[in-house]
Amino acid sequence: MATEALFSIPQAGEVEAVTITFDGSAFTVPAAISVAAALLVSGVREFRSSVVGGGPRAPYCMMGVCFECLVEIDGVPARQSCLVPVKDGMAVRRQIGAAHLEDGRSGEEP
Amino acid sequence: MSNAEADLIIIGSGPAGMAAACEGRALNLSVVLLDEQVNIGGQIYRNIESAPQDRVKILGPDYVAGSSLASDFRNCGARYLGGAVVWNVGLDGAVDYVANGRSHQVVGKHVLLASGAMERPFPIRGWTLPGVMGAGAAQILLKDAGALPTAPVALAGCGPLLYLLAWQFLRAGAKIEALVDTTAKNGYLHAARHAVGALRGARDLVKGVKLLATLRQHSVPVYSHASELSLEGTTRVEAISFTHRGRPVRIPASLLLLHQGVVPNTQLTFSTGAEHRWDAEQLCWLPVTDPWGRLGETPLYVAGDSRSIVGAQASAVEGRLAALAIGENLGVTANIARRAELQSQLKRYTHLRPFLNALYRPTAENRIPQDSETVVCRCEEVTAGQIRSYVELGCLGPNQTKAFGRCGMGPCQGRFCGLTVTEIISQARGASPADVGYYHIRPPIKPVLLGDFVP
Amino acid sequence: MSNEQLTVVGGGLVGAAIAYGAARVGMRVRLLDQGDVAYRASRGNFGLVWVSSKGSNMPRYARWSRDAAKMWPELHQELLDVAGVDSGLRQTGGFWLGFSDAEVQARANLLEKIDREVGGVPYQMMEPSELKQYLPGIGSAVVGGSFGPLDGHANPLMLLHALHAGLRHKGADVITGVDVAQIRHDADSGQFEAVAADGQSWKSERLVLAAGLGNARLAPKVGLSAPVAAIRGQVLITERLKPFLDYPTNKVRQTREGSVQIGSTSEDVGLDDGTTTEKIEWLARRAVATFPALAQARLVRAWGALRPLTPDGFPIYQASESCPGAYVATCHSGVSLAAAHSFVIGPWMGGLSQPPPDFDVFKAARLSDPNANFSYGH
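As you go down the protein sequences, you meet chains A, B and C in turn.
Take the first sequence: its position 36, counted from the start at 1, is 36 in our numbering, and no numbers get skipped.
Take the second sequence: its position 301, counted from the start at 1, is 301 in our numbering, and no numbers get skipped.
Take the third sequence: its position 362, counted from the start at 1, is 362 in our numbering, and no numbers get skipped.
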């Protein structure tokens with residue numbers, strides 16, 4: 001999962017840190033950065049697979065217009081991770097294809 | 001207008017929005033400013049309030065200039081709603097937005113749209129591969145998180161932002177594999193027509209020259225007038241290939257930063273039904289406004305880069321001019337001297353624009369992919385070849401492409417493919433982009449969770 | 001085999017289906033289409049292939065709808081074979097869902113009446129426990145529903161694309177960017193001339209007006225009447241979702257690509273194809289009440305489709321008496337009736353077959369009957 005990261009934060013040690021997980025693996029990242037930034041500096045190279053062809057995708061614009069950075073955050077699918085600040089304990093998962101609705105087939109109030 | 005809660009609602013906390021708020025407050029207007037981000041500053045002044053000193057030094061003097069504007073904004077008495085995602089602006093001044101998991105509406109006597117610019121798409125082979133990002137994205141990572149690329153990174157494209165980024169990387173000690181410059185050879189020739197304007201903007205020009213000098217000093221290979229760009233890789237980008245001085249070149253890189261200018265983010269203006277015109281110099285759509293930014297006879301105004309690319313300083317002045325006009329609409333006595341002062345500032349800040357537009361004009365091959373396999377609509381994976389086949393089947397414009405495939409129907413709502421689709425159809429039909437038109441943009445201009453409508 | 005030339009004005013679902021129907025039986029057909037700027041009711045079609053509850057006030061229409069639904073699989077397969085385009089038909093039944101006992105009872109009465117009057121329009125009323133077997137995600141607000149085995153859905157835009165491709169395959173002329181401003185009829189030669197706003201014109205022996213809202217203006221030029229007005233239906237569509245809804249309901253359906261379509265309102269607002277915050281909220285709330293999991297789905301598009309509606313909601317299919325060879329066709333259900341338009345209306349209006357039996361009821365004269373009681377009974 002964690003491979004050679006494309007970005008790093010030289011001063012990471014000097015700021016408050018939080019712990020998040022990506023597909024179950026834990027990473028320590030600076031507080032108050034976006035989830036997308038946190039994943040990139042933690043070595044995540046693919047955030048999701050395209051809903052059409054299934055090919056791997058990762059962030060392009062980092063400002064909320066390209067919609068490539070979609071991941072599942074704390075159970076909610078297809079969130080723009082470049083617009084969400086990290087929180088301690090956040091559980092992030094790769095977005096595989098289209099969003100899956102929790103309890104879509106059970107009718108229970110989510 | 002009787003149910004208006006504020007005199008002026010502003011959308012966007014970049015230079016145009018913040019300056020408009022300050023100017024409006026100075027006229028005693030009640031002002032509410034909304035931004036999708038939690039922090040103020042828009043893109044250019046991202047994280048301006050929290051960036052540590054050493055990062056500010058890396059980013060350079062243009063970034064620092066945002067600091068006093070940000071603190072003026074905080075102190076001016078405007079109400080700031082951060083984390084507010086605007087999804088609709090009505091012609092009656094009603095602004096619908098989502099915050100804290102609920103949709104709300106706030107109504108203003110006037111609304112100023114100041115949503116700024118976005119990267120122009122760069123549709124070349126392989127641009128959807130992980131590891132390919134916009135140069136602006138790398139700048140955002142630097143501003144927000146102090147993040148720098150780990151080797152190896154290549155920059156490709158043209159325009160001041162690309163060179164600025166390279167300079168910032170070097171100041172921060174990051175290594176750059178190559179800068180692949182796609183500025184056309186005849187770019188200088190076209191730009192020379194605007195030399196008079198360039199002389200007036202000499203300071204900016206000198207700055208540009210300094211940037212390139214720094215690159216060469218650091219032995220960064222610069223490939224000028226590169227063409228036939230293509231990105232290689234299977235699951236992630238591995239290299240950039242191009243032609244330079246007639247020879248093929250291949251540079252391995254796992255981070256590829258593309259940039260060929262920014263364009264106005266016109267989602268909001270288009271969604272209001274406002275008239276837009278195709279600008280053949282800037283190669284994009286611009287809302288049609290009166291001299292102060294008013295859209296038709298509506299209470300809506302637009303200022304800054306989303307009105308036309310003018311840069312941070314000019315954006316701030318446009319915001320102030322719009323606020324002055326709005327103040328006058330609401331009965332404030334016209335301040336002729338102030339307006340004249342602002343207009344002369346605007347002239348100064350925009351003199352270089354025609355020169356820059358001509359010099360850094362993105363080339364046709366980088367805007368209109370000839371390779372049929374190149375993806376144009378990233379969300380729905382519609383290729384250039386598919387769009388051309390729609391034209392052969394009688395598709396006249398971008399809206400009809402939706403009947404043939406799902407072009408433009410994905411979550412980005414046409415932001416990243418719109419310009420390309422218009423230009424491909426225009427070229428295939430032999431018609432002007434103005435005749436071909438643009439996607440019909442409708443609210444919600446940002447996706448909204450259905451649950452946010454449930455009380 | 002006919003030597004006559006047919007011009008169809010209007011390249012939307014109705015015009016394209018009729019034109020295709022004439023072309024496939026060998027006629028020389030030319031389709032004139034307005035293009036990208038048209039109001040294009042076809043774009044606003046919800047995509048249902050629906051029989052249930054149609055024609056409660058007009059048994060002939062109920063029969064027409066039922067017959068059309070039965071012909072759909074053949075049209076789908078033919079377009080797939082001929083034009084290589086999948087119209088997206090999935091016809092395994094559809095549901096209507098009710099939120100009150102009174103509503104459910106009224107529904108049962110309605111469906112029983114139609115089946116009794118027309119015959120061959122099966123239906124089944126269901127309690128929530130049975131509904132859940134087909135629609136596991138329905139919410140507790142749903143108190144009952146009806147199932148129509150003949151119902152289904154298709155992709156309206158792909159159907160339109162398929163019909164256009166089919167037309168080209170059959171050698172028809174499809175001319176886009178045409179704004180028909182005038183129709184001329186030469187009583188001596190019997191020829192029609194359709195004239196565009198830019199002066200181009202096309203002559204033919206036969207003419208079908210299928211221009212949706214444009215029919216109101218054009219029909220009188222050939223001695224016909226088509227009093228259609230625009231009724232706006234606001235529709236919401238979500239991002240693509242993993243499949244969770246196996247059957248369409250008349251208000252919510254999941255398309256093949258995964259997006260969920262939610263509709264619709266019925267507003268008389270003139271030619272305003274915009275949306276309103278109030279109705280978007282209303283539609284969203286109803287969708288979430290029906291399928292609570294949709295609270296997590298994102299709305300990515302909303303639009304106000306302007307649908308041409310006659311005062312009683314039923315179609316007009318009529319041959320002109322003063323200008324023989326001219327016809328008008330307008331209806332609200334361009335997808336549901338597509339196969340009938342192709343296989344029955346096309347040959348009739350192309351002069352190659354007799355009008356369908358008992359079709360006088362679809363003439364416009366019924367709309368000027370002072371005793372008529374109008375409601376959107378379909």
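Treat the hints as calculated values from the structure; they're not laboratory data.
Any given hint could turn out to be false.
[To be verified] Going by beta-carbon spacing under 10 Å, a handful of chain C positions derived as facing chain B: (1) Gly35; (2) Met71; (3) Leu157; (4) Thr176; (5) Gly223; (6) Pro227; (7) Ile231; (8) Ile262; (9) Thr265; (10) Val269; (11) Leu271; (12) Val300; (13) Phe343.
[To be verified] The list that follows gives simulated cross-link-like pairs (lysine-lysine, DSSO-like), each with its CA atoms no further than 30 Å apart: (14) Lys402/B with Lys57/B; (15) Lys221/C with Lys363/C; (16) Lys402/B with Lys170/C; (17) Lys87/A with Lys242/C; (18) Lys402/B with Lys363/C; (19) Lys87/A with Lys57/B; (20) Lys70/C with Lys279/C; (21) Lys221/C with Lys402/B; (22) Lys113/C with Lys363/C; (23) Lys109/B with Lys279/C; (24) Lys70/C with Lys402/B; (25) Lys113/C with Lys402/B; (26) Lys221/C with Lys203/C; (27) Lys132/C with Lys279/C; (28) Lys363/C with Lys203/C; (29) Lys170/C with Lys203/C.
Computed from a prediction, not measured in an experiment: that's the story for all the values here.
Glycine included, C-beta positions come from ideal geometry on N, C-alpha and C.
May I ask which of the numbered hints given earlier this structure violates, with the numbers listed in increasing order? As far as the earlier hints go, 2, 5, 6, 7, 9, 10, 11, 13, 14, 18, 20, 21 and 25 are violated by this structure, in ascending order.
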